[in-house]
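J.: Sequence:
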Amino acid sequence: MAQGGCLAGKVVVVTGAGRGIGREIALLAAAEGASVVINDLGGSADGEGADKSVAAQVVDEIAKAGGRAVASGDSVADPQGAERIIKTAIDAFGRIDCVVNNAGILRDRIWHRMSTVDWDAVIKVHLYGAFYVSKAATPYFKDQESGSFIHFTSTSGLIGNLGQANYSAAKMGIVGLSKSIALDMARFGVRSNCVSPFAWSRLIGTIPTDTPEQKARVERIQNTMTASKIAPICVFLASDLSRDVTGQVFAVRKDEIFLMSQPRPLRVAHKDGGWTPQAIAETVLPAFKSAFYPLDRSADVFNWEPL
Numbered sequence: 156m157a158q159g160g161c162l163a164g165k166v167v168v169v170t171g172a173g174r175g176i177g178r179e180i181a182l183l184a185a186a187e188g189a190s191v192v193i194n195d196l197g198g199s200a201d202g203e204g205a206d207k208s209v210a211a212q213v214v215d216e217i218a219k220a221g222g223r224a225v226a227s228g229d230s231v232a233d234p235q236g237a238e239r240i241i242k243t244a245i246d247a248f249g250r251i252d253c254v255v256n257n258a259g260i261l262r263d264r265i266w267h268r269m270s271t272v273d274w275d276a277v278i279k280v281h282l283y284g285a286f287y288v289s290k291a292a293t294p295y296f297k298d299q300e301s302g303s304f305i306h307f308t309s310t311s312g313l314i315g316n317l318g319q320a321n322y323s324a325a326k327m328g329i330v331g332l333s334k335s336i337a338l339d340m341a342r343f344g345v346r347s348n349c350v351s352p353f354a355w356s357r358l359i360g361t362i363p364t365d366t367p368e369q370k371a372r373v374e375r376i377q378n379t380m381t382a383s384k385i386a387p388i389c390v391f392l393a394s395d396l397s398r399d400v401t402g403q404v405f406a407v408r409k410d411e412i413f414l415m416s417q418p419r420p421l422r423v424a425h426k427d428g429g430w431t432p433q434a435i436a437e438t439v440l441p442a443f444k445s446a447f448y449p450l451d452r453s454a455d456v457f458n459w460e461p462l
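Quick note on numbering: my numbering labels position 106 of the sequence shown as 261, and the sequence is numbered without any gaps.
Derived from the structure by calculation, the hints contain no laboratory data.
Quantities reported herein were computed from a predicted structural model and do not represent experimental measurements.
A few of these clues could be false.
What the hints assert, rightly or not - Computed cross-link-like contacts, DMTMM-like style, restricted to lysine to aspartate or glutamate with a CA-CA straight-line distance of at most 20 angstroms:
(1) K370 to E460
(2) K409 to D455
(3) K290 to D233
Generate the whole structure from the sequences, applying the supplied hints.
T.: Right, here's the structure in full:
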């Protein structure tokens, strides 16, 4: 492990670090000198079950390479669990410098078939989980006047996707959460950014492959967009190399890094005395219609082969 790496002396908490993207972030963070808390409940892709060995295996891997890591099996969806995750970092390493909110589950359903159970489960892990863990770390960041939050969003929310209303809503909520943290905590030198990954993981593995097009898409993701491609930007954002970067949304796809747009006005219409529904139809609609967004999905916007 790199004693003089860009994260030397820092302590990083990575949620959902037992497999996939989280594991790769944890391994690279340790290789760059960080002490890492490997948080993973060890559940299935839809959030069922628990297996403490999942996090322990990553800790062992880091230790064998000469790094420092400890395991945490607490759930991010529980506020007391989130407090214990951060306390694990403090107890083991004496401080906390970065939180990577990566933990997630999927329960995809087409909208008219989505249950409140599936809605609640996904919102609690993704959105509530990001809130709980970030909130638990905030007093330490505030007191030391430094720290970095890295939250995982998705183009399913930023752009759109079929059958993922729960996931999309959670991931857009995380963007708003991140921006609010960035604004509120800037005075204390604390940063907050989002990363939207394109990578093969257990969650991507739940994508249907019922058609040749779907099968080809999943094979392309599995073969070219590996989880290790996501780790470098996360380690960058965790380090002091990104000391001036906050409130941003990045996407990573293979060797491409995108800075994603944030909502801003596209058109404006004004009418003295105000509008009637009829006047909106007659004047505003024709003026605005050319700028309306179509019902794009993520694959429609990112429609070229990954580079």
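J.: Are the hints correct? Go through all of them and say.
T.: Hints, verified against the model:
1. K370 to E460: Holds. K370 to E460 sits at ~15 angstroms (cutoff 20 angstroms).
2. K409 to D455: 17 angstroms, holds
3. K290 to D233: Measuring from Cα to Cα gives roughly 12 angstroms; hence the hint holds.
Of the numbered hints stated above, none is contradicted by the structure.
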